[in-house]
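Chains as they are written, first to last, in the numbering used here: chain W, 1 to 235; chain P, 236 to 470; chain V, 471 to 705; chain F, 706 to 940; chain A, 941 to 1175; chain Z, 1176 to 1410; chain Y, 1411 to 1645; chain G, 1646 to 1880.
To be clear, the hints were calculated from the coordinates, so they are not data collected in a lab.
Just so you know, not all the hints are guaranteed correct.
Stated by the list, open to error - List of simulated lysine-lysine pairs, DSS-like, C-alpha gap at most 27 Å:
(1) V/K523 - Z/K1228
(2) P/K288 - A/K993
(3) G/K1698 - W/K53
The structure presented is a predicted model; accordingly, all values stated were derived computationally and were not measured.
There are 8 protein chains.
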Amino acid sequence: MTEFRLDWERAGRTGTSEAVLCEPKSAAQIDAIVGHATGLGRRLLLTRLGARKFSRLSLPARDALDYDAGTRTAILGGLPEVRGTGRVAIVCGGTSDLPVAREAARTLAFAGEAATLVADVGIAGLWRLMERIDDIRRHRVVIAVAGMEGALFSVLAGLVPCAMIAVPTSVGYGVAEGGRTALHAALASCASGLAVVNIDNGFGAAHAALRILMGTPAADERPAGASPFNSRSRR
Amino acid sequence: MTEFRLDWERAGRTGTSEAVLCEPKSAAQIDAIVGHATGLGRRLLLTRLGARKFSRLSLPARDALDYDAGTRTAILGGLPEVRGTGRVAIVCGGTSDLPVAREAARTLAFAGEAATLVADVGIAGLWRLMERIDDIRRHRVVIAVAGMEGALFSVLAGLVPCAMIAVPTSVGYGVAEGGRTALHAALASCASGLAVVNIDNGFGAAHAALRILMGTPAADERPAGASPFNSRSRR
Amino acid sequence: MTEFRLDWERAGRTGTSEAVLCEPKSAAQIDAIVGHATGLGRRLLLTRLGARKFSRLSLPARDALDYDAGTRTAILGGLPEVRGTGRVAIVCGGTSDLPVAREAARTLAFAGEAATLVADVGIAGLWRLMERIDDIRRHRVVIAVAGMEGALFSVLAGLVPCAMIAVPTSVGYGVAEGGRTALHAALASCASGLAVVNIDNGFGAAHAALRILMGTPAADERPAGASPFNSRSRR
Amino acid sequence: MTEFRLDWERAGRTGTSEAVLCEPKSAAQIDAIVGHATGLGRRLLLTRLGARKFSRLSLPARDALDYDAGTRTAILGGLPEVRGTGRVAIVCGGTSDLPVAREAARTLAFAGEAATLVADVGIAGLWRLMERIDDIRRHRVVIAVAGMEGALFSVLAGLVPCAMIAVPTSVGYGVAEGGRTALHAALASCASGLAVVNIDNGFGAAHAALRILMGTPAADERPAGASPFNSRSRR
Amino acid sequence: MTEFRLDWERAGRTGTSEAVLCEPKSAAQIDAIVGHATGLGRRLLLTRLGARKFSRLSLPARDALDYDAGTRTAILGGLPEVRGTGRVAIVCGGTSDLPVAREAARTLAFAGEAATLVADVGIAGLWRLMERIDDIRRHRVVIAVAGMEGALFSVLAGLVPCAMIAVPTSVGYGVAEGGRTALHAALASCASGLAVVNIDNGFGAAHAALRILMGTPAADERPAGASPFNSRSRR
Amino acid sequence: MTEFRLDWERAGRTGTSEAVLCEPKSAAQIDAIVGHATGLGRRLLLTRLGARKFSRLSLPARDALDYDAGTRTAILGGLPEVRGTGRVAIVCGGTSDLPVAREAARTLAFAGEAATLVADVGIAGLWRLMERIDDIRRHRVVIAVAGMEGALFSVLAGLVPCAMIAVPTSVGYGVAEGGRTALHAALASCASGLAVVNIDNGFGAAHAALRILMGTPAADERPAGASPFNSRSRR
Amino acid sequence: MTEFRLDWERAGRTGTSEAVLCEPKSAAQIDAIVGHATGLGRRLLLTRLGARKFSRLSLPARDALDYDAGTRTAILGGLPEVRGTGRVAIVCGGTSDLPVAREAARTLAFAGEAATLVADVGIAGLWRLMERIDDIRRHRVVIAVAGMEGALFSVLAGLVPCAMIAVPTSVGYGVAEGGRTALHAALASCASGLAVVNIDNGFGAAHAALRILMGTPAADERPAGASPFNSRSRR
Amino acid sequence: MTEFRLDWERAGRTGTSEAVLCEPKSAAQIDAIVGHATGLGRRLLLTRLGARKFSRLSLPARDALDYDAGTRTAILGGLPEVRGTGRVAIVCGGTSDLPVAREAARTLAFAGEAATLVADVGIAGLWRLMERIDDIRRHRVVIAVAGMEGALFSVLAGLVPCAMIAVPTSVGYGVAEGGRTALHAALASCASGLAVVNIDNGFGAAHAALRILMGTPAADERPAGASPFNSRSRR
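Could you build all of it, start to finish, from the sequences and the hints given here?
This is how it looks when you write it as structure tokens:
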């Protein structure tokens, strides 16, 4: 019996291709999957592949993979041409949230989408975010990455009109340990229209962004200069 | 001192206008807000306004509001022209989830966006969803509404390429009581690219959809016939 | 056997006088306490006294009390001269948080301390807070009151140098229900030096503020020979 | 004093024999139990025996045991003739769930029951499950093994008439960490008639299947005069 | 749009027919469902229909239903001939657990299966269970119903060889409030082979029993060519 | 079938007689139990019998019972002679904890044991406890009753040599709501030798005290040849 | 500044002497405490002292201590004469619970109290407990030690009249992980009069037993004029 | 892109300077931050820097830092003159709480504030606290540090009039594991006016104390024209 059956048709169905979550898999299982995909000439993204487990993979697998220890991701088959640019901003509360932010960036790159990374704009020093806010507003999708109390999500959602995806991280201690506080803060935000993914799930946020970007509105379906709401005062 | 300061500029900043969450407010506070908005000639959406509290509002407020008991929403100033159509599908696991689904629909209508409501396609009888899946796939954004174990979220996300927003509901008992199980199922879904809002938050899901729809990609920025992924087989 | 023993010496020991938490007490118990204090000519603050329970008190008790239904507080013996002014600001995220904010204000008033109430400056519309921030900074203690995701706590703590006390409220639904999300957000704030009290505990925040304002009490303000184990039995 | 008393009569009473849960036991305790069973010529199943602890057992114990590191199980006294076949299917959501699925298979094998293992049919790619569904339906008992959001349980229960046992696994991260989300999803399933065992409890699922398969045991299969308080000492 | 789509084919697919969970539905929704089923001449089981909500149903619906307030169940279309007898025992820890036990019995009766009810054999007085244990052992499936600490589940599973389904109930207070303690006790039982359903889910336990009793259905009992994606549209 | 089987032999086996927990039982069930006990001429203690439910009992039941609304207890058959005196002290943190404290006292009285009630000695005013500490120390068992943060348990356990039983109460709000904080404080106390019962379980604390006081029963007090599994042979 | 102040007078006040909880302390801190006690010629019990940390203690400390790795306890100054015998039984559900049971036994021995250890009488094989029940009943205090679902607590409490102390252990996995399930089962037991200590707290159970056994101390055993707040005047 | 942007202006805005939380940062990130600050000639406090991670820093970083393994803090640029003295007392329940207490002390020292450390005054031996209470009362701010059940917080708050900050620690096991019990005890305290920080957050308690001590800053101590949105870009 084979232990795995990859869902190569997923991109056609859902717009996002299957990836391999390595954390709960054995090195032998990952080796087999990489070998199988190599045989088929398929590209593949591997996530949550720790450095120790990577070092236990077979030599051919290690050679075939473009591995990045910081984000614990590996790519088989290289990156495609960058197709989209300037459409996704990844906004990151603190230095400690960067590995998750970069997992999102790398997942986007695997799909040919470039992203603008805006780092260390935690709201304890609000001026840092304010200096970048006009730049952030120009993007179509904003992925916000923050741990601890996750106040960045609400502040940002109150300032930009973009589609917003919040990625709570497990950065924090005490009541913030494990990321539940940031997750709940994102879900309970007083700023509306914020959509949320699982804790530390930079990969999932990137896939949500790809679903949003793909869409298919014809240009004439979009109201010119449109705001969905009537409003006299504008900023 | 005034007790409230409405953020009329919000739509300009964020693309979604402020609404009034009525559950934790007193009837006197709601009366004052409705009176204030009426005086300014502003439209306003009120959510989570129970029938009992609505009946305690002043007569002028009740007269001015278009109230819907099922969704506990009220609208001041009427609905705008329908601007968008066929862009949002609201897919609903069970009959019991309909109030939340309709809160989303009404919030969209307040912003001039029509929605297709697909009801009672819970996955215990998968054929019901399968009969509607081709129709659902045609929309740009899918809002999925489900309680209990929330398996609908994963099944649907595995079948459509649309931007997807999951709204877990508090429908259920025992371990499902309060909606945490459905919420966690949406966040932990094995199908990627699913974005999630708070339990029973049909309003927030609609606002997330509006942010997505507003976007602003020029036609030439979108890949023709595009899937972000290379894929030979298609379905 | 008497059912209660009031700790009249508490103010001498701790700088804050005893109050009566009415929620878990029967109307008969409250009646007895009010009668006892009246007999001694003592002032008394009662908290969490719902309108229904107040209406079940004896007529003399109701007559003796200055009752406020909004904050569920009652005061026996009237308010003192205002001693301090402009030292405490109470900053309130939303209209729904006002009852808790006002419980704090009334507790301060019972101790002769006036407070500046800054209402409805939720951070979803950050400009509202910014308009008031210079005024807020002038106070020595800031009591911040917010529910839902409690992002106000962090934003405010990053902007003012005052002693800060966060009061999370139970305003919210879904994951915010009951106030745990706001509480955890306050505790896990990335902005440091924020001190926190229990959910909906406006009373406790006011007492914390009084302790801060008192500083080291002058000798003549303290009861002579005040020992923590005051009175008859001594060690 | 002896540290353990094995319940050799359990199979007579309950249809399933006692097994040794090794995780919380010391190597010395396991050694003693294996030695004791060897002396009596009894067969024995050991579960949750990690590779490191196995390596610390005495040489005779290690020699006597048929150890499988993947499932962390060891068998003393070999496997019996296969008695049943084609009666149990073990259906497994992802590659990562295989160790738990195989613990169930090995527990069944210890009791002489063969099982069909259907691997990697996670519902994110529903076609994988559909290809196997007719085969699965032919079994009398289906053990479903899945982690993360556990949507497989509901989908499968809606498609087959078999007795169904759900085994949630601890595969997942963030809100899925530890397996509670999959557990609650199984318990709260909208598809009825699903019975659930503890997280990662492949062993327990196999025993539940054995109880189902046994049905009412024929009189001659039960120990004569079997009383729940069997054996030597009686009351 | 219709608000509901009943899954009449479910019994063919899964061996257990659809039922209507009334708690989260409005009286109007239930009225419509009952009317629809009556029109089709279908039998229907309704669960968690409180007396107050039943009294708010339309007169025709109330007339058509056989309502039982104690179990909060209603049956449309009467009971079938009793098909099975003496195959299921329902064993109940305390008097307070009887409503849940009887919901299970009534669900079985709806499917033509009689059950033996063994009441008030809580293990604080173990002799009560011992007096009945030989009778219980004769059944093929035992449904055990208990709240508080749920010790009955383990004691019983250690004494009988039957297929066992535990139904934890919400009977209890303090740490037992809501039924989590009994649920966890059932899942963590030291007696193996116990399968568990959601808290207070007598209905689900009955369905699990029906799946067990059905075993592999004879070919002529299954709808010809039954496919899980039955009917008109296919993919 | 009878719905209940009272365990009249319990006192012989365990030293504490069975009581009827009324909260989860219907008025009809309680009526039947009271009638049954009356018929047998047995004394009976009923707990958690709210005033509303008591008022729904049959007239004969109400007449037969000595009901106390404050503690929600009822006694059938009157109180025995006081056997023990001065052996148990019940120490109560606040006025709000009195109903639980008195449930313990009444349970003791039902068994012929008098108790000293020491009320309102919460540790926020430590001198109140200090005034009574020498008296408390003279008792053999101390039942401490406290809600909120339960600091009384630790302070008291550090001051007296008596057997100590902590009863956490559900008095409190915010994080103290429901009594978990007081419960955990009792269990995690830095003062050792404290034993704990369920939240609000004054009844259980009294029974624990009775077990302690009984000590090893004299031979003539125990039934000859008493076996725990003996219903026919009776004491 | 000294880092610790041992409470040598505790035994006089509370009947149980202070012990040193080593888990959260550094090796240097433990060394200092042992040295200090050695200098004073005091006996001392150390708990939760892991083998690794013990090995990091200074040589004199290691030499002075009687260390037992299984229970992670160490004793300074040797054991006293056995004072009591046959008064405490320690009843243990499974082999895995033995370390906690033995921590209790060793704590009792430190106080001169012998205990009867009854091991591996888990209720999945009830006959094992029944064989020992008459012996267990003869003791004055029973300490019951069990993990997983903790059903032993209820079964035992229903069978013996002794003072009973339940020690839930962290033995188990899935929902039983960490011991909360066993703890809640003990607290919510349907068998009354059971008192409970913290998870894995064999030490605390022993101290609770010692308080029970001591009963009211004879006058000459208590320090004359002992006041709890007296450090200078010493017993 | 730079990974970090230090908020050097924070002290001007909030009275407390930024610090570097090292736990979730990589050694490379910390190296870069230290290098950057060194280049600017800035002082810097680093917290939660474990000994192992410190040893992985670059040699120049290690040389530049004044590292203290016990508190896991490091200071760059030395300590300032002591400005305040005798204004803050740090009161510590047990020896195990000392690392957190000293993190607070070192954070205060970094800001030029001396603190009085009162160690090992846990309330199980109340006399230890009583010996020091008069000294403690003389301070303006009391930081109380305690784990387990946190009863110290309430006892102390009932005895002193100072501003009080509670720091719950993660010292404890079973239900106290992780510090939630101590945290909730502090928040739910029956002694009013207690303000609380996150678990193990000695750093945050020190910052809260500094905010309290600062009071309203003199105009010349604040940066001229300081606006929270300082600097270049504004909206």
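To test your reading of the hints: which numbers does this structure violate? No numbers; nothing is violated.
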